Every structure is written in structure tokens, then in C-alpha cells.
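S.K.: Numbering (full-length UniProt numbering), first residue to last: 1 to 295.
By construction, these hints were calculated from the structure, which means they are not laboratory data. Predicted model only: the values in this text are computed from it and were never measured. Check before you lean on any hint, since a few could be wrong.
Derived DEER-like restraints, expressed as beta-carbon distance ranges [as the list claims (entries may be wrong)]:
#1 158 with 238: 41 to 51 Å
#2 239 with 129: 47 to 57 Å
#3 92 with 16: 39 to 49 Å
#4 185 with 129: 32 to 42 Å
#5 249 with 129: 30 to 40 Å
The beta carbon of each residue, even a glycine, is placed where N, CA and C say it ideally should be.
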Amino acid sequence: MGTLEGHLLPGICLLIFSLHYSVMVSLALLRGQRFLKPPLTPKEKRGHRWWQLVPVEGMMKVAISLTGIITEFFFPPGVNRMMMVDWEDPRRPFVFYDNWYHVTMYGFFTLSGVVDIVSRACQAQQNVKLERAAEALAFCVLVLLMACHLENKGTLEVRTHLLFVAPTFLVTLVLTMEVWVPDQPTLWVLKTWMGLVLSTWMLQLCVLMYVPPSGQPWRAENPGDLAFLLIFFCWHLGFGAIVLAAVYGLCSLWHHRISSWREVPRAKYQLCPRSYSSEELEKLGTEAMLQDGGI
1 MGTLEGHLLP GICLLIFSLH YSVMVSLALL RGQRFLKPPL TPKEKRGHRW
51 WQLVPVEGMM KVAISLTGII TEFFFPPGVN RMMMVDWEDP RRPFVFYDNW
101 YHVTMYGFFT LSGVVDIVSR ACQAQQNVKL ERAAEALAFC VLVLLMACHL
151 ENKGTLEVRT HLLFVAPTFL VTLVLTMEVW VPDQPTLWVL KTWMGLVLST
201 WMLQLCVLMY VPPSGQPWRA ENPGDLAFLL IFFCWHLGFG AIVLAAVYGL
251 CSLWHHRISS WREVPRAKYQ LCPRSYSSEE LEKLGTEAML QDGGI
């Protein structure tokens, strides 16, 4: 993960999940849903096709996390970083600890995906609290690992990772609260907003540390460069709010358009049934004139 590609993978995946949650939250607010993701019906009442049972979100978590684990151990091709202790050295030092940090992080997100799959596809009744607890645990481990990941790092990396820990901690806190109070729209919005900030800041790290636009590396000893890190992070907070508002606006247009389409069939021309009496026909005609403004 200590490469451009290693930061791009989780950054892009976090962005996809955050945009997905943005759409879900927007539609839930527009529809007045009590829960962000309503619990599934019992297994025997669902369809029997496998794609109706296996959750896409859980499968994506497992696939992305396993890809990250394989990349940490075996990328670029020909390397093998699975060794944890150098047994040939008399001091028995730990090796590849950075990679093991990242593998541990991916491992807990894999666990969260497996819990989603088992809860929704294997159990007779979905266990929503267990799914939220597993996801909260994955983010809690991410906070701990990022806090410890600051050791033996340069000033620039320490500052960028500290700013990464702040929204991650908020997401962890919200997910933990949702285990007991899942029906709070304020928590949905806060979680989605911080998820957008996490993903865009992760992509910003790729630019800062690996491909700076100026072509010159950031200088950790320069107070001006470090000061702009906080400025950029504040911009990401605002950008995340703008993206969430834009998604809500687009979903609002779509929601009202769909609602109007559903109302159209009631206004379509229909043949008048012959069984109506003359009095009923007069009443229907009067109502139609009133609806048309008396024209």
C-alpha cells in the first residue's frame, strides 16, 4: 500500500462505496424511510435464485479486500512478503510490518463482507445488528492501525495520516452508534459525508506523495507546505458536502420524476363505461370541467 497503486485501490473503492451510500441516504430521506436499509424478508419468502440471495455489497467487500491482500503480499510479481519474522537473523526481527498492517486492515473488511453474506444468504432471518457491528469493528481496527502506522514516518506522512484518522474515527463512532440506533437520519448523513471525505483525501494522498502537480516533492521541513495540508483537508470537507448535496439534488429530481410518471396512468384517457346512467355521466362531466378550470 506504500505505493501509488496501493493508495489508489482503497481510495477508489471507498469513493464508490461512499457514492453508493450517498444515493441510498438521499432516496431514504426523500421516501421518508425509517431505516436506511430495510431488513430483508425471511429467507423462505425470498427468491430462490442465487443472485437474489447473495448480497452484492458483501461480495464487493470480500473481492476488494482479497485483492488488496494478494497485492500486499505478491505485488509486483515475483516478490513474497508473507514472512513475518526473519528466522535467519539471531535477533528474530519482524519484517514487512507495513504490509502486515495493511493485510490486517483488509482482513477485517473481508470479515465484514463474510458476515454480510452469511447474515443475508445463509441465515433464515437477517441479523442486521451483527452486520453493523462487524463493519464498525473493521473501521475501529482501521483507526488503530493508522494511529500506530505513524511510527518511523516522515513529518509529511504523519500529518497526512493524522488528518485521515479524524474522519475515520467519526465513521467508526457513527457505525458503533447505529448498532443500537439505526433509525437516525442525522447519523446517515454524517457517515456518508465523512466517507466521501475519507475517499477523496485518500486520493489526495496519492497526489501529495507520489505525483505532485508541480513535479517537485512536498518538503516536510517547509512550514508553508505543512500549513497547506490543513487547508486542503478543509477543502475536502467542503467538497464532500457539495458532492452529497449534488447527489441529493439529482436523486430528488429522479424521485419526483418517477412519482409524476406513476401518477400519469390515472390521468390517461379512458373509454367511458356504457353501464353509467345519465346522472352519473353528468356528474363525471362536471368534475372534469372543474378540474380543467371550468373550460
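S.K.: Hints first: check each against the structure and report whether it holds.
M.R.: These are the hints, each one checked on the structure:
For the pair residue 158 and residue 238, the beta carbons lie near 24 Å from each other, so the given range of 41 to 51 Å is not met. In this structure the hint that residue 239 and residue 129 lie 47 to 57 Å apart at CB is violated, the actual value being about 33 Å. Between residue 92 and residue 16 the beta carbon distance is about 41 Å. The supplied range of 39 to 49 Å therefore holds. Evaluation of the 32 to 42 Å hint for residue 185 and residue 129 yields a failure: the beta carbon distance comes to about 19 Å.
For residue 249 paired with residue 129, a C-beta distance near 33 Å keeps the hint of 30 to 40 Å intact.
Taken one by one, the earlier hints fail for this structure at numbers 1, 2 and 4, listed in ascending order.
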